[in-house]
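K.L.:
Sequence:
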Amino acid sequence: MITLPPDYRPSDNEEFMNPLQTEYFRQKLLKWRAELLKEAGDTLASLSEGGIHEADITDRASVETDRALELRTRDRARKLIGKINLALQRIENGSYGYCEDTGEPITLRRLEARPIATLSLEAQEQHERMEKTHRDD
1 MITLPPDYRP SDNEEFMNPL QTEYFRQKLL KWRAELLKEA GDTLASLSEG
51 GIHEADITDR ASVETDRALE LRTRDRARKL IGKINLALQR IENGSYGYCE
101 DTGEPITLRR LEARPIATLS LEAQEQHERM EKTHRDD
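Its first residue numbered 1, the sequence shown is counted upward by one per residue in UniProt numbering.
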């Protein structure tokens, strides 16, 4: 088990995906997942409080719209938790931080911004260009 210094931030001056960097991203992913699960629990508690008790039809519609939006948000969070779990698996098997297409390292800035990234910025841009080309057909 590796203990990170409290002010640790990955740096380009270190060996890529050294044990400190790996632990840093593992903790970042675990914290993110815990936050999403807490929010999901709060949503479940809120939705299970009972039915809609608004007498006014406009208020009732507003509450129903809010609930539908919250459920869509939770569904996106559920999918994100799946991606976080896959990133944690990549940390375990040693492939985290490397582009799935090219095998090249994903920049630390990209991983910091999007720790679930599986493609380098260049590969992601190429992937999006290909999607756009095929979508326009």
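Where hints are given, some of them may not hold.
Claimed, not checked - With a Cα cut of at most 25 Å, we get these calculated DSS-like pairs of lysine-lysine:
(1) Lys38 / Lys83
(2) Lys79 / Lys38
(3) Lys31 / Lys79
(4) Lys83 / Lys28
(5) Lys31 / Lys83
(6) Lys79 / Lys28
(7) Lys132 / Lys83
(8) Lys79 / Lys132
(9) Lys38 / Lys28
Everything labelled a hint here was simulated from the structure, so no lab data went into it.
K.L.:
So which hints don't hold here, by number, going up?
P.N.:
As far as the earlier hints go, not one is violated by this structure.
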